[in-house]
Every structure is written in C-alpha cells, then in structure tokens.
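Under the working numbering, the first residue of the sequence shown is numbered 1164, with each subsequent residue one higher.
All the pointers check out, no bait thrown in.
Label pairs and their in silico Cβ distance ranges:
1) Leu1235 / Ala1173: 25 to 35 Å
2) Gln1238 / Lys1273: 49 to 59 Å
3) Tyr1167 / Lys1273: 30 to 40 Å
4) Lys1236 / Ala1257: 38 to 48 Å
5) Ser1186 / Cys1227: 25 to 35 Å
6) Ile1262 / Tyr1203: 52 to 62 Å
7) Ala1173 / Ser1202: 28 to 38 Å
8) Lys1253 / Leu1198: 51 to 61 Å
9) Phe1175 / Ile1262: 31 to 41 Å
10) Ile1262 / Lys1285: 44 to 54 Å
11) Ser1260 / Phe1175: 25 to 35 Å
12) Ile1255 / Lys1170: 28 to 38 Å
13) Gln1242 / Lys1273: 46 to 56 Å
By construction, these hints were calculated from the structure, which means they are not laboratory data. Even for Gly, the Cβ is constructed at its ideal location relative to N, Cα and C.
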Amino acid sequence: MKKYISKITAIFLALVVLLSTFSFNVEKHFCGDFLVAISYVGNVASCNDVEEDSCESKTIEPSCCKDDAEFLKGQTQIQKSSVEKVTFTKVITAVASYIYYKQLFSNLEKQFVPHKFYVPPKLFFDIQVLHEVFII
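Please take these sequences and the hints and turn them into a complete structure.
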C-alpha cells in the first residue's frame, strides 16, 4: 500500500511541475454582462453568428458583445533546492546514533507474564446473589 501511495504522490508532483510551466490563452465572450462562451484552445464562438433575414434596415449598430483574451504565462525558471554536502562527520554521527539506539533497545529482556495462559473457571452461579451478600 505504501508503494502505491508513494507512486501516486510522485506522479502528482510531476504533474504539478509540468502544469506550472505551461502558458495558455483563455478567450471569453461576453454578451452584455453575461459570460456566454469560454475557450482555452482556439477562437471563441460569438453570438453574432445568427443573422436576421429582415432587409428593412441594414444600419450598423454598436454591438453589446465583447471578446476578452487573457494570456496566462507559466514559470520559465524553476529553482532547484540546494542540497547540503554530506560530510564524513555527519555520516559517522548518524551511524553511531543508529547503532547506539539499536543496542539500547535490543538488550531488553522479554518480561514473563505468569497469567498469560490462565483460564479462569466457569461460573455457574453468582455467589453474591446466591448468598445475598453485597458490598455497600
């Protein structure tokens, strides 16, 4: 189970690094104050695609629709964390402390539990109730 969790975590962190470096466009189309369409890839569809067949007036009116495009830029520089140089004294200290604590707890004697396998006798009658003797 621990192996699967570590693999899932590694894949998730790799995806986070990959997605943080992506740059992409977000195009939005508003009609009035309402968001009508949004596109992450390509051009956004506008609401002016529907044409009326009335030929009475062909005056150009200002449109209440507007298109908004945002460019979201990802990171270009990823900083690597600096790793401390491991010195010989640090290794010796770590090994010595590991051996010390391993020896400290390995020499403990196992305690003998005398009643570990004791099976109490079965009670057929409740003696206190039988003799009507109660502790007050």
